[in-house]
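Please model the entire structure based on the sequences and the hints provided.
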Amino acid sequence: MLFHTWPFVLFFLIAYPIYLALKGTRLRLPWLLTASYFFYACFNPLYLILIAYSTLLDYTVVAIMEKRGRRKILLLISVVNNLALLSLFKYGGFVTDNLNVLLSSLEIPYAVPAPGIFLPVGLSFYIFQSMSYTIDYYRGNIEREKSFIRYATFVSLFPRLLAGPIERARNLLPQLHKTPRVSKQDITDGLSLFVVGFFKKVALADYLALYVDKVYAAPEQFQSPALMLATFLFCWQIYFDFSGYTDMARGIARMMGLRLMLNFNNPYLATGLGDFWSRWHISLSSWFKDYVYIPLGGNRRGTFNTYKNMFLTMVISGLWHGAAWTFIIWGAVHALGRFLTRDLERTSFYRDKVPKLAKQLFVFGFVTFAWIFFRAESISDAWVIITRIFSSGLANPYCPLLALALTLTVWLYQFAYESRVKWVLELRPVRIGIVVLMVLYLAIFAPSSEQPFIYLQF
Amino acid sequence: MQKKDILDAGCSMPDARRSRKSRIENQESRIEEVPYGSNCVRLSAREWLIIGIVFSALLYFGPTLWERIEQFDAGPDYRLPYDLSSDYWLYSRYCRWACSRYETLVIGDSVVWGHFVSKDNTLSYHLNEIAGHNQFANMGVDGIHPVALAGLLKYYGRDIKGKNVLLHFNPLWMSSRKHDLQIDKEFHFNHPKLVPQFIPKIPCYKDSYSRRLSAVVERCVTFLSWTSHLKITYFEGMDLPTWTLEHPNENPLKAITLQLPASENGAQSERISWNEKGIAKQDLQWVELETSLQWNSFQRSVEMLKARGNSVFVLVGPFNEHMLKGKSIDTYRKMKSEIEAWLRQNNVPYYMPEALPGELYSDASHPLSEGYAMLAKALFENKSFRSGILRSE
Chain A
1392 MLFHTWPFVL FFLIAYPIYL ALKGTRLRLP WLLTASYFFY ACFNPLYLIL
1442 IAYSTLLDYT VVAIMEKRGR RKILLLISVV NNLALLSLFK YGGFVTDNLN
1492 VLLSSLEIPY AVPAPGIFLP VGLSFYIFQS MSYTIDYYRG NIEREKSFIR
1542 YATFVSLFPR LLAGPIERAR NLLPQLHKTP RVSKQDITDG LSLFVVGFFK
1592 KVALADYLAL YVDKVYAAPE QFQSPALMLA TFLFCWQIYF DFSGYTDMAR
1642 GIARMMGLRL MLNFNNPYLA TGLGDFWSRW HISLSSWFKD YVYIPLGGNR
1692 RGTFNTYKNM FLTMVISGLW HGAAWTFIIW GAVHALGRFL TRDLERTSFY
1742 RDKVPKLAKQ LFVFGFVTFA WIFFRAESIS DAWVIITRIF SSGLANPYCP
1792 LLALALTLTV WLYQFAYESR VKWVLELRPV RIGIVVLMVL YLAIFAPSSE
1842 QPFIYLQF
Chain B
9 MQKKDILDAG CSMPDARRSR KSRIENQESR IEEVPYGSNC VRLSAREWLI
59 IGIVFSALLY FGPTLWERIE QFDAGPDYRL PYDLSSDYWL YSRYCRWACS
109 RYETLVIGDS VVWGHFVSKD NTLSYHLNEI AGHNQFANMG VDGIHPVALA
159 GLLKYYGRDI KGKNVLLHFN PLWMSSRKHD LQIDKEFHFN HPKLVPQFIP
209 KIPCYKDSYS RRLSAVVERC VTFLSWTSHL KITYFEGMDL PTWTLEHPNE
259 NPLKAITLQL PASENGAQSE RISWNEKGIA KQDLQWVELE TSLQWNSFQR
309 SVEMLKARGN SVFVLVGPFN EHMLKGKSID TYRKMKSEIE AWLRQNNVPY
359 YMPEALPGEL YSDASHPLSE GYAMLAKALF ENKSFRSGIL RSE
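These protein sequence lines map, in sequence, to chains A and B.
Each residue of the first sequence is one higher than the one before, counting from 1392 in the numbering used here.
Each residue of the second sequence is one higher than the one before, counting from 9 in the numbering used here.
Everything labelled a hint here was simulated from the structure, so no lab data went into it.
Some hints here could point you the wrong way.
[As the list claims (entries may be wrong)] Below, computed lysine-lysine pairings styled on BS3-like, alpha-carbon distance capped at 27 Å:
#: 1; chain 1: B; residue 1: Lys-209; chain 2: B; residue 2: Lys-162
#: 2; chain 1: B; residue 1: Lys-186; chain 2: B; residue 2: Lys-342
#: 3; chain 1: B; residue 1: Lys-127; chain 2: B; residue 2: Lys-169
#: 4; chain 1: A; residue 1: Lys-1605; chain 2: B; residue 2: Lys-239
#: 5; chain 1: B; residue 1: Lys-385; chain 2: B; residue 2: Lys-127
#: 6; chain 1: B; residue 1: Lys-262; chain 2: A; residue 2: Lys-1605
[Unchecked claim] Only part of the chain B face toward chain A is listed, based on derived beta-carbon distances under 8 Å:
#: 7; residue: Pro-43
#: 8; residue: Val-62
#: 9; residue: Ser-64
#: 10; residue: Pro-71
#: 11; residue: Lys-186
#: 12; residue: Gln-190
#: 13; residue: Thr-235
Think of the CB as a built atom: it goes at the ideal place given N, C-alpha and C, for glycine as much as any other residue.
And the structure:
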């Protein structure tokens, strides 16, 4: 039941009015929890066992911490349990595959059987959210949530259950405590966010995917222009796909009087790689900063340790995205980029002399290059793509001009949004015109998409 | 960014406790700090109202205006182009057009449409030839089995009211459990958007709930079937993104030529007899009439058309009995007599001709041109056809 499909529309048309009717009563949270669990069970009812286990575990651990003090062993129980779940479901296959390669290279005639477990959607997201609650409580940043139903709703809230944003308890739990005031503005804001997200996903991401999938499925059959364009378009596809999901999630929550955090802030306008990570998947980047980078020592123990911590954080972040070496290399490439540019970005020359556009294009180019590893089916495919970009011919890429035009229009819009001409975009006729065009395009030309979100696989 | 290592800071908890209260107190204000978004697309209620009005106008008037813009030259012996068989919006438009010009609508599957003949050799053509004027409209749709036909008439044939209807029933759709859509294994059948999406359950139809709901919504919202019309007619049945992938350097707007394809478009089947094609005789596993989904749907179509004030005449077959062997001949004849009994019991005038000569069939159910001519002649000689369909003469 994805946000851009009819079953979700039907679900929301039932769940939302009841939510509004119950919002001032004690039944609000039980209803929200029921709706969220139903939403999740639509993917597979067995998933409920996992989410209930993770929720119960962290709720109990924190309850014990409150009684017996914030003991590190309790925190470890929570973290180890959550990571064990994640490892089993997400990395089981990856580990056994690599073990078997190792055994085979050592000529040991044994193969570890593959676990054959599929990854439940949203697992990485709610596990991280639940873990952050335990860690924050351990650190003394938040109070314990006494109501189990409220805590379970916090973990499973359906708008953000599948792919975030990974909310912090300090932002979401207080909102679940008070009776929400769903104003007219909340509904119209929610609708605006939802329509933009829907357009990003259905009209843009799924469109670009057609070309990207074709080229990346057999990169050896394409030459430099096609490979470069496919990589450029993937760069936007993944942005439209994920930020589109997030916009829809935030829009739905907003209509319910809940405010989820901003997860994307025009990342392809970043002027440095650090800036990029403060604009891309903000909820995950800040999670890794708060719960991995800083506990590792952050930047406090000298340059070497800073870079080591940065490298580890980025590689773990890569591994979080998927159980494959391509994701690990993607993380490592970003870490390398940070090593090379961190000090440069601090120089007055870079800050003051290099034109902003040049910085933006440089960051965009680097990030686009790194996406090759993220998108390629294997390391060898990634290598084929990189070598062919620089060595193959210049055959016509047969890339749809409309796809390029739409993408460039959005990029220009974003440039305008962060420039002195932003006021033009704020004019009423412009805003209305944009929505009319989006709705018209969606209504007349867009496919009846059922493509899942890319980040659901993470 | 000199932050304290908090995971290792168990000993400094009193400090943390002191600051916790103030942190928690600040939570309310933090909620308000959540930024809205990273664009200017933020509309007020009044602005959404404007969008709502524009969109409603488009929903309501768009397809109607389009009918004025797009040329639809359905001359004599028109039939829906083969490639537009699943363009139900066009079918609906054709229905309105045909109802205003023809006395009798000939409705059915590819046997009526004329799969193996040109448009001037179909059943309706020969009927018009004998009648001496354009009385019969070819409303056949290629591949429309009775379950889908019931959906087509229900949702897109609402304008068929108070007309003479020659409704064809092709027994081929009951020649196996697969044809009758009764097998459990999923397979691709024609016109899935027209079949009941949820109730009654069709065992072999296992499309996702999302697609089924989408089909239900499309039937109810004319605008959506119109957008399907655009895709089918101008973008080779693809959605715009897929079309641009096939035609990367073309302007999609130029593809909208406002010219509908000709009737003959896409029909390229061999116009030779089944013997020449080398089709062997078969022992078909006919389904029981009582449990048949197809027959049940056909019954509903008859009742629906009658309820709309139409004068319905049913033509059954003629099936190519020369192709049958073994027990299937007897089973077929038994089934025919049961069909006849139902039609008689429900006062539905009908004609159930004997099989045409074997060489006049192209396969199990499709006559060749001479076969249609013979069938048309036989129909005109049928008493109940004359008293039912030709009563206005």
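Hints and how they fare:
About 18 Å separates the Cα atoms of Lys-209 of chain B and Lys-162 of chain B, which keeps this hinted pair within 27 Å; it holds. Distance check on the hinted pair: Lys-186 of chain B and Lys-342 of chain B sit about 20 Å apart at the alpha-carbon level, within 27 Å; holds. This hinted pair checks out: Lys-127 of chain B and Lys-169 of chain B have alpha carbons roughly 25 Å apart, not beyond 27 Å. Between Lys-1605 of chain A and Lys-239 of chain B the alpha-carbon distance is near 22 Å, which keeps this suggested pair within the 27 Å criterion.
Taking the CA atoms of Lys-385 of chain B and Lys-127 of chain B, the gap is near 18 Å; set against the 27 Å cutoff, the hint holds. Restraint check for Lys-262 of chain B and Lys-1605 of chain A: satisfied, since their Cα atoms lie roughly 25 Å apart, inside the 27 Å limit. Hint status for Pro-43 of chain B: holds, given a least beta-carbon distance of 5 Å to chain A, under 8 Å. Here the hint on Val-62 of chain B is kept, as its CB sits about 6 Å from the closest CB of chain A, short of 8 Å.
This hint is violated: Ser-64 of chain B has a C-beta 11 Å from the nearest C-beta of chain A, more than the 8 Å allowed. Nearest Cβ of chain A to the Cβ of Pro-71 of chain B: about 11 Å, over the 8 Å cut. The hint is violated. With 8 Å as the threshold, the beta carbon of Lys-186 of chain B stays out of range of chain A, its nearest partner Cβ sitting at about 26 Å, so the hint is violated. Hint status for Gln-190 of chain B: violated, given a least beta-carbon distance of 27 Å to chain A, over 8 Å.
Nearest Cβ of chain A to the Cβ of Thr-235 of chain B: about 5 Å, under the 8 Å cut. The hint holds.
In summary, the numbered hints that this structure violates are 9, 10, 11, 12.
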